Amino acid sequence: MYQIISLTALLILITILVRLYNLTKSKRYKFLKTLMKESQGKFKEAKQDYLKFLGKTINNEKYEDLEFDAIMRYSCCVLKSNSIKEISEWIYKYLSFFLDAKNSPKKDEVIFEYVLLLYNNKQYEEIPRLISNHLYKKDNQYVKQLLEYAKDQINQNINRIIDFANDNLDNPELYFDIIEQISKNQNILHYSPDTNEQLKRLEPYLLNRLLLKENIGNEVLIKLFYYLIENEDFIQDYDLLNNAAIISTRIVQNNLINAKNYKDVISVFLTVIFNDNVFLKNLTSTAWDDEHGIYLNNSTGFLNEQFLAQEGLENRTEVFNEKCIDIESTRSFLIRGFESSLIETKEYLGSLYPEVIDFYELEKKNYINALSNLFLYVNEANNQISSTPYFAYKFKLTNKIFQEYLDGEISTEEFDAAIPYILLQYEIEMNELNLTKLAYLCSDLDGSNQFYQRAKAYISATYVTSRIKNGDLGFIKDYPVPLKNSLSQCLTDDLKKIENALSNIGANAQIQPKDTIIFLKTLVDLIPQAQSLKIMLSNELTNDAISKVNSKYITPDQCLNILLESITIHSGNYNTQRNIVLIVSSQCIKMAADNGLYKIIERIINLIDSDLKETLRIELSKAEDELLQYRGQDYSHTKTVNLTVYDHVFEELRKSQGRLLYD
Amino acid sequence: MINPYFILGIHQNATKKEIQKAVMKLQLENRKTKIYTGNFIINCQRILLDPSKRLAADYLFPTKLKSYRPKKIQRVILEGKKCDVKNNSFSMLKSMIAKYEKR
Chain A
1290 MYQIISLTAL LILITILVRL YNLTKSKRYK FLKTLMKESQ GKFKEAKQDY LKFLGKTINN
1350 EKYEDLEFDA IMRYSCCVLK SNSIKEISEW IYKYLSFFLD AKNSPKKDEV IFEYVLLLYN
1410 NKQYEEIPRL ISNHLYKKDN QYVKQLLEYA KDQINQNINR IIDFANDNLD NPELYFDIIE
1470 QISKNQNILH YSPDTNEQLK RLEPYLLNRL LLKENIGNEV LIKLFYYLIE NEDFIQDYDL
1530 LNNAAIISTR IVQNNLINAK NYKDVISVFL TVIFNDNVFL KNLTSTAWDD EHGIYLNNST
1590 GFLNEQFLAQ EGLENRTEVF NEKCIDIEST RSFLIRGFES SLIETKEYLG SLYPEVIDFY
1650 ELEKKNYINA LSNLFLYVNE ANNQISSTPY FAYKFKLTNK IFQEYLDGEI STEEFDAAIP
1710 YILLQYEIEM NELNLTKLAY LCSDLDGSNQ FYQRAKAYIS ATYVTSRIKN GDLGFIKDYP
1770 VPLKNSLSQC LTDDLKKIEN ALSNIGANAQ IQPKDTIIFL KTLVDLIPQA QSLKIMLSNE
1830 LTNDAISKVN SKYITPDQCL NILLESITIH SGNYNTQRNI VLIVSSQCIK MAADNGLYKI
1890 IERIINLIDS DLKETLRIEL SKAEDELLQY RGQDYSHTKT VNLTVYDHVF EELRKSQGRL
1950 LYD
Chain B
2 MINPYFILGI HQNATKKEIQ KAVMKLQLEN RKTKIYTGNF IINCQRILLD PSKRLAADYL
62 FPTKLKSYRP KKIQRVILEG KKCDVKNNSF SMLKSMIAKY EKR
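Line by line, the protein sequences are chains A and B.
Here the first sequence stands for residues 1290 to 1952, numbered as in my numbering.
Here the second sequence stands for residues 2 to 104, numbered as in my numbering.
No lab work stands behind these hints, which were simulated from the structure alone.
Since we're looking at a predicted model, the values are computed, not measured.
Going by beta-carbon spacing under 10 angstroms, a handful of chain A positions derived as facing chain B:
#, residue
1, Y1494
2, L1495
3, N1497
4, D1528
5, I1535
6, R1539
7, Q1542
8, L1572
9, T1575
10, H1581
11, I1616
12, S1621
13, G1626
Derived CB-CB ranges, DEER-like:
#, chain 1, residue 1, chain 2, residue 2, range
14, A, P1643, B, H12, 36 to 46 angstroms
15, B, H12, A, R1625, 19 to 29 angstroms
16, A, E1519, B, R70, 20 to 30 angstroms
17, A, N1497, B, D51, 28 to 38 angstroms
18, B, N31, A, D1705, 48 to 58 angstroms
19, B, H12, A, D1522, 27 to 37 angstroms
20, A, E1698, B, E19, 55 to 65 angstroms
21, B, E19, A, L1641, 38 to 48 angstroms
22, A, E1519, B, N31, 35 to 45 angstroms
Within a straight-line C-alpha distance of at most 25 angstroms, the following computed BS3-like cross-link-like pairs (lysine-lysine) qualify:
#, chain 1, residue 1, chain 2, residue 2
23, B, K22, A, K1612
24, A, K1654, A, K1552
25, A, K1654, A, K1635
26, B, K65, A, K1502
27, A, K1570, A, K1653
28, A, K1785, A, K1810
29, B, K67, A, K1502
30, A, K1570, B, K67
31, A, K1331, A, K1382
32, B, K18, A, K1612
33, A, K1653, A, K1685
34, A, K1810, A, K1786
35, B, K67, A, K1512
36, B, K65, A, K1512
37, A, K1612, B, K17
38, B, K65, A, K1570
Just so you know, even glycine gets a beta-carbon here, dropped at the ideal spot from N, CA and C.
Using the sequences plus the hints, can you model the full thing?
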């Protein structure tokens, strides 16, 4: 009995031991043990254990449940491990596996850990996509957790920023660091709309502190200027415009302009100062001038009457008296101050100084021209501001400005004013315009639009005439061939300008006749229908040929060839006709005299008109002299001379011209 | 461009008398400190006594933007129940263990 009991106990013990042994050998048990290690934060050990469950490679289709769990847990451990090397290896090897895996919601935790990792490392760009593609389901616990976590983090940041801002009231240089932090946080604001309100409040609060501070660091001043002008409401917000103009005066005054910012600084100042609407907005806050009226009739600035009504500027006056403040003299005072500050930068700017001054002068000149010719007609209902050409280009206002003009009639003055704006729209300045840029401009301006068509013609003609005036005529033959038609059209449209410039060409001693001929030939090729250019070319050719033959630089035969080319270009060229007759006749006479055929000489002389007769007689006497010199006194012999060639020339000329001298 | 208000240390709504008083005060101080030239101080006075020039000086004061003092955010929900994602992330693990134990 005792033996049976002990045998049974032994059997039970063996069974237990076997079960226990089996249990310890079970994968699931091992997995559970590893999970416990992970939950205790022993990530290093847990990772090693999980790896033992994995096969050699991960294949999306062939894995068991346990293997998938092991990959998942391993991944979570890696993502929590803070080891950059391990994490980057994991991303490279396994991230796509989880992104492609269909085994949801198991993969959710890995994606969640990955999103968390990105968030904590401020890599916000990928997060919304990962959440919407992989985690976004109704009531997904991970999304909820993430939102709460993100919101809490933002709130903590905001509180830190507010504390920081309040602790550093006397240190405005730090404000831009704060504003930078705000903009970084704005990437994730859609997770926490409540916080948005606080951020919106914080920004103008800090900006005000910066603006109202008398002395702020140079670097901050530049940052502040760009912060103001890069604000999305800059063009519409008169306060931002005014503040930017004020900061620009300080930038110039503190010698902070440089090659990078001088165009922005100058154009912002000029734009704001000549917009009465904007300018006056800043002048309504004081009480000392309440008794004074503001006199606007003398103003050269852009004024929007609707704005005046809105702002309640009741103290503006139509009649000037001693109680009036002339807005124009206030503006002039500010401009003089700005200009004298600009002049004081001469030493500091060095070689850049002339460029800055040129830009200022040009920008101001073009703007004032536009104010009196262009902006007068801008529709006030649009409530838009006038601007300098560079400002219009920088803030993409050019198309808005010209909207009014696109299909209307345009005067030359308006065009003159509009051109700098159009050129700058294409990032070109008139003095930098070359053929390639002109070709680009011509091909890009809208072909169907009347305004741009005129502008295109105007710019092309202005460019060509400016080159003519500078004595540079060879440029035109380099015109890009594919765009020849475009330029041809432009030049045809504004031919008068070119003709005027060309009429002065002779006065320019620097221009060689050879250059003029090449230039005119190219121009005639570009504008074949321009009769005036043909006449000019024909005259130039004839004059050049005659002067060369007179100075015996070319032979009469060569001269005749050039004259025939000239008469082909312009058949009615009287001067060319006369010279052809003269040369052909003199050659015939010479030949006749050479052979003693005096009757033929008589015939030729009778053929040509009276004013040429004298010249021919001189030629004849020259021929006779030569004949006497070479042949002595013997006139008795007669030879038949073949005059067919000359007769043929006369005949041809008679046919083609119809109005040759001897007809 | 100088801002005469800053130089004379007066506010934008200063009366003629206040301006003249500030000029005299600065001139007295300047005798000791010699920071400015006499003409410079007189020029500041001229600007502020000429309405159109004074308006130009006024222009140099930036406009205050509309703003409210931001308030610190009360972390009401989170103060009591601290958001700890690391701990919460084991919810899946816990459910797996429970599942296994049931089996």
